[in-house]
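**Q** Each of the two chains sits in its own frame; use the hints to bring them together as a complex.
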Amino acid sequence: MKHIALTLIAVAGLAIAGCSDGTSDSLSNGGGGGAGDPNGTAGNENTTFDHSNDPGGAAPGADFQPAEPGQVKLIGSPEITSRLHACGKISLKSLGDILTSRGLTGGGTRPAGALSGQAIFAQGATAAALGGANYNGRVPEAPFASTSAMAKMFDIFTMSSYDAVNANWTAPACPGVKVLGADGKFTPDGLTCLMGKTARAEHLAIANDAIAKNPTDGAKIAIAALLSAAHTCQ
Amino acid sequence: MRLRNSASTLAAFGLAVALSGCGSSEDPNTVNNGGTDPGNPNNPGYTPPGSTTTTPATPEEQVKQILDARKADYSEALRTASLKLRDALPSMAEIKTIEAAPDDAAKKVAYEKLVDDMIASPEFTLVMVKFWKDTFRTGQVGALQAGAANRDTAATFAAQVVVESRAYSELFTQTANTCPTYDPVAKTFTPAACAAGAVAGPTAGLLTDPGLLSQYFANMAFRRVRFIQETFACSKFPAEYSATPKPLGNGTFTGAFPYESITGKVNTPTAKIDFQDTSAVICANCHVNLNRLAPMFTNFDDKGFLTAASQVEVPIPGNPKAARIDYLPAAEGYAWRAGKPVTDIPTLGAAIAADPEVGRCAVNRVWNYAMSRGDIVNDLATIPNAVTQPYVDSFAAGGQKLKETIRGIFKSEDFVKF
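So the protein sequences, as listed, match chains H and R. Counting the first sequence from 1 gives a position; the working numbering is that position plus 769. Counting the second sequence from 1 gives a position; the working numbering is that position plus 388.
Read the hints as simulated data drawn from the structure, not as lab findings. We put the CB at the ideal spot given by N, CA and C, even for glycine.
Here chain H is said to cover these stretches of chain R; the calculated rule only asks that three of the stretch's residues, wherever they fall, bring their Cβ under 8 Å from a Cβ of chain H: (1) 454-463; (2) 474-484; (3) 524-538; (4) 766-776.
Chain R on its own, in the form it takes in the complex (with noise of 0.2 Å):
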């Protein structure tokens, strides 16, 4: 009976402290569906607390209310921020500094000295880490095995190169020392190249680390080619579109390179693969650029290593292993985009370094960790453009340097405001 008591109570009090810190139909952050609840900062009647306007004449006014009525809570800010940028709730001297703040422009610069000292301590290097980890969805499990790549030094290089606050560029073009090792315990780098395959090929940064290609070894090496989309453009395939779409088949299709430009049984009546089939969906849609890209990844093997010949197969029956012209036409060549034709890995790299949308992913995906929103792709957490331009703009004009956009967006008003 006793024992039932407790449980009752247990139950009663957490969620009574749960609901508490869920908010009320007074909190300005609470933004469900409340149907005609003047409470409700979506719906047209909305009155923030403290406000003397009313209904907003515009969605603009609406959207400016509901975000005025935020209030910053650098108590709060702090807690999370610690979490994301080292792993660990922060110190009672640490909360005591935001405490003994006299206002909140002191609280503010208080706040920020700490980020500042987050992004510096050696914990960040372990939360870069995890986060590309996460991001790339690669890690080394269990030991090495003989003759694998490690999983693990896709991540540890791009932590290295925010950490060090190098150009994200790198990402796609260092030639050199890509594949470093991280040690956990003094949390530093070393720098170091990646394992060779059996044939010398170009370094142009992950593009050519042997984890990640071992970790997306797959048919006719799409899946190699899908990760670096998702992963550095944030979104899916298709990955452009046409200013002037045209019905085809049983749909319309929208790809910037012509449908002809790609192998299919309308050019190549032996075409292993028709990708011009417009019978259920519109292939050439997503394959006019995934068909430019993939031809470039076929000679990796299944551990990543580069070797002389294809080694990625077509899946028909006797699964033959994929040539160029299951691809492209002869005549066609590769590319990152419409207009920006590439010859080979390292071109490729450069193509990516210079897409203003692979700088805006990135940002986004800052933007998207420091505001807990999941990922950008698969959690479809998409950002309208207004939100990150600032920081996409300060981003491109110094230097790429993805540390000081992590530091940018730790301090902004969105952060420590709830």
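Here chain H stands alone, though its shape is the one from the complex (with noise of 0.2 Å):
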């Protein structure tokens, strides 16, 4: 059991070693090393050479720009795949205002010493997180969530189910409108409010199964699970 152990890290050692390319090439100040590849040309923060090696790459602004034969077999064309929405984070801001619009500001119930989904939000740790911006870095905000980023998010989700549950809650962007009805099911408009796009009959059967088969954290866990797949992408 041990020695599976010590593979299995040895092996994922080695795929994270594989993913760095061992330079810094990038007018990002992102700490990358330049140790990497002693046969590299790309520089680090602290000099000013950072070389192109692909001399076999096509002319910037030519008419035809070569795919990478690896691309097209993995996710298609660069004709098809830059006409596609690709999954961008939700950005700061944004989770700021889907918190306050939807009304999930910490008026829930929640279990002793748990903190609201908008004060974990508001910690200062939070907005490293979730890939926030580090101009003094050169590092602008992340345009593609990190796992750590997901991570956040859904605890963030999770708490603020607490307070969508809450038979006081309201919502600034969505008024009149109600997650759980009378019958202490969800309601289309409350899931609509919540996802910012129409919810489908799926969605509402979904969640509901979850407040069928557990009643008391049922239509937390619906919650939580709905905001974090609708707004795991922009």
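**A** This is the structure we're talking about:
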């Protein structure tokens, strides 16, 4: 068992090492080193030398931009992929707006000592975990979510679910809407409000199924899952 | 036990919902490597749902089949447009406006009206300031220190130019009020001139913005030049290629200027840096362009202000200040590109503004922002010219108004289809 674990760790380590190109071939001051590849010609933040190593690449601005064969095989040709929406990260500003405009501001009854979603969002370290910008380091807000950003957003949405199930919940952007109806089931408009787009019958059915299976926590579970799924991407 | 059950249910439900949101093998938007899966639109045998055709005869047909399989979803488009144009989800009333439209044609009209409203809203100004801060990778963090340049002004100026429907070329040619301030509460711009340094110099849009020049201060001013190239031309150096590359040393010289036209040991035995070195890589491939630009930026200090003498160093023992001879022989002049000579920063700004690739870059950056594709240089999110050519053409013909490009892209067929 120990051997298997060590082997897995070693393989994972190799895989992670393979993800780095060992250069800091970027204007960003992202802290990348430059010592990984002794044959590399890219410098680091302290040097001025940062060279293209792709003499075979097409000229910038050339009419023909050859696609990398690997890219075409894996994700489709650039002609197709560039016309499809990718999955961008919800910006910090947008996430803050989601919490306030959807009434997820800490009004629910939480377990003792637990922070609300908005309180987690407002914590000092949260911005970095969510991929916030570091302009002094020449780093913009991350366009895509990291694993830690996904996990932090899930924390925020999970704790925000306590607010949405509160009987006094109101959302400034959705006046008159209730997430849960008098029958204790989700309302279509309630889910629409939380997701920011029209809820389908399937959304409603799955969410209500969570309540049926777990009358105590099902609504909160469904809300946390719906918020996380709906706001995984911009 | 109860907690554990809850956690398990939550995990399972979250996974189910998340996976359902990711599409399936029948989802025409799924473009993964599905091997021989006939449901994979990248496979030659892919048949879009409802289609009677099978294997496309040409790659162009295959592209068309895949793109035609997308469906317009104005509710989804409204959500993502709202997040990108004003950093907020649409209100219930706006969602209901789309819902209430009886058919796709009516939904399209309602959606496009809402996009216009978003672009006209005060929140759009805030989004533009943030867009340019992220594009320029600069912003004022904390209080402005005495004697330091404000690092917000570049993004604020670019945002103001876009919001006020001014020509994009002003980013490189504007001679006054290029350091406006922005009130994030009132969401308004106030024109202002940039703070002056010890020496008065010309103003050329962003090219003389002290905050930017401070942010990209580095040896020999090469980082400032890289910023201009990567941000406004959307590609890394080499900036251009010769039609007749020549084998040289351990590689191939591809520069569009003569190899001998920059400083190096071949023509200047005392050169501090040998830009004609060919022992590892062909330095000149990039430096024939870099060295024609960087000397114009050497006299700006680490705070971004113009001084009378060179402020950037040559990275050799002793760190001497860089001089023009360190880049170019005396007879060589500055240039934006081969055949595009310049004499100073204002003429450089004019050359950049006139470069059609700079206009294409601006349009492509907007496209990538709209489609959540990341940075065109850092994330290698390049775009085939054919995809954005209509917007590039209308951008050029319409006076380089990027706001109209944003409007056009957010209303485009590609944006509203999923």
